[in-house]
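K.L.:
Sequence:
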Amino acid sequence: MTYTQPELPYAHDALAPAISAETVHYHYGKHEKAYIDNLNKLIKGTEFEDMALEEVIEKAQGPLFNNASQAWNHIFYFFSFSPDGGGEPGGELGEAIRKQYGSFEEFKKMFVEAGVSLFGSGWVWLSRDNDGRLFITQGPNASNPLTQGLTPILTFDVWEHAYYLDYQNRRKDALEALWDIIDWDIVESRY
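Numbering-wise, our numbering puts 100 at position 100 of the sequence shown, and it's gapless, one number per residue.
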């Protein structure tokens, strides 16, 4: 099996000012392409060659895990956005967020704080377990909640390449801007 990089469902400049066209070009166009290319080289001739990407993430280690997870994480991240995004989640997800975190505003505050407080590079996640309970987690490098038996719902990338061109070292500002472009229909469908 050869993994391919899907085309984004929006133009590279469509997420501005939250994420600039230049950042989309480098982050999705270059970084993500490298993860996909490396993944395809690493799986060739291995037991992982015909596995679904999620299965590779759950079973692989070392460079194969890193490239598989980063490839998956970036697709998941970029396909959470829309130029018409923003607002608040409705339905069961909105209800679960309000029940567990008190309010959507409190949830946003906790989620951003988890991203800001992560030392170095990595990801902050909203995931659910099999009972529908929500979890805000953070993890370094190529972390992915799939390895903990959780179902990812939303992620923010806190590697510097995700925001440095637009925000320099202002990670909090970068994370706060992402709320304006979240496609809650997509995120809710993951719940």
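Heads up, some of the hints might be wrong.
[As the list claims (entries may be wrong)] Okay, the calculated beta carbon distance ranges per label pair: (1) Gln61 x Gly87: 35 to 43 Å; (2) Glu106 x Asp185: 18 to 26 Å; (3) Thr4 x Gln100: 32 to 40 Å; (4) Gln100 x Gln61: 31 to 39 Å; (5) Tyr26 x Ala52: 41 to 49 Å; (6) Gly62 x Glu106: 37 to 45 Å; (7) Lys41 x Ser189: 13 to 21 Å.
[To be verified] Calculated cross-link-like contacts (lysine to any residue; reagent style SDA-like; alpha-carbon spacing at most 20 Å): (8) Lys108 x Asp183; (9) Lys172 x Leu150; (10) Lys109 x Asn130; (11) Lys33 x Pro17; (12) Lys33 x Pro9; (13) Lys108 x Asp185; (14) Lys33 x Lys172; (15) Lys41 x Pro6; (16) Lys30 x Lys59; (17) Lys30 x Glu55; (18) Lys33 x His12; (19) Lys99 x Pro83; (20) Lys30 x Ala16; (21) Lys108 x Lys41; (22) Lys99 x Ser143; (23) Lys172 x Asn141; (24) Lys33 x Trp159; (25) Lys108 x Tyr10; (26) Lys30 x Gly45; (27) Lys30 x Ala11; (28) Lys59 x Glu160; (29) Lys30 x Asn130; (30) Lys44 x Tyr28; (31) Lys30 x Leu165; (32) Lys33 x Ala11; (33) Lys99 x Asn130; (34) Lys108 x Ile181; (35) Lys30 x Leu8; (36) Lys59 x Gln148.
No lab work stands behind these hints: they were computed from the structure. The structure presented is a predicted model; accordingly, all values stated were derived computationally and were not measured. All C-beta atoms, glycine included, are put in the ideal place defined by N, C-alpha and C.
K.L.:
Could you run down the list of hints and mark each one as holding or not?
P.N.:
Hints and how they fare:
no., hint, result
1, Gln61 x Gly87: 35 to 43 Å, "40 Å, holds"
2, Glu106 x Asp185: 18 to 26 Å, "23 Å, holds"
3, Thr4 x Gln100: 32 to 40 Å, "36 Å, holds"
4, Gln100 x Gln61: 31 to 39 Å, "32 Å, holds"
5, Tyr26 x Ala52: 41 to 49 Å, "28 Å, violated"
6, Gly62 x Glu106: 37 to 45 Å, "38 Å, holds"
7, Lys41 x Ser189: 13 to 21 Å, "32 Å, violated"
8, Lys108 x Asp183, "15 Å, holds"
9, Lys172 x Leu150, "26 Å, violated"
10, Lys109 x Asn130, "25 Å, violated"
11, Lys33 x Pro17, "23 Å, violated"
12, Lys33 x Pro9, "16 Å, holds"
13, Lys108 x Asp185, "17 Å, holds"
14, Lys33 x Lys172, "26 Å, violated"
15, Lys41 x Pro6, "18 Å, holds"
16, Lys30 x Lys59, "26 Å, violated"
17, Lys30 x Glu55, "24 Å, violated"
18, Lys33 x His12, "15 Å, holds"
19, Lys99 x Pro83, "28 Å, violated"
20, Lys30 x Ala16, "19 Å, holds"
21, Lys108 x Lys41, "38 Å, violated"
22, Lys99 x Ser143, "27 Å, violated"
23, Lys172 x Asn141, "18 Å, holds"
24, Lys33 x Trp159, "16 Å, holds"
25, Lys108 x Tyr10, "25 Å, violated"
26, Lys30 x Gly45, "25 Å, violated"
27, Lys30 x Ala11, "16 Å, holds"
28, Lys59 x Glu160, "27 Å, violated"
29, Lys30 x Asn130, "35 Å, violated"
30, Lys44 x Tyr28, "23 Å, violated"
31, Lys30 x Leu165, "14 Å, holds"
32, Lys33 x Ala11, "17 Å, holds"
33, Lys99 x Asn130, "17 Å, holds"
34, Lys108 x Ile181, "14 Å, holds"
35, Lys30 x Leu8, "13 Å, holds"
36, Lys59 x Gln148, "12 Å, holds"
This entry does not satisfy hints 5, 7, 9, 10, 11, 14, 16, 17, 19, 21, 22, 25, 26, 28, 29 and 30, going by the numbered hints stated previously.
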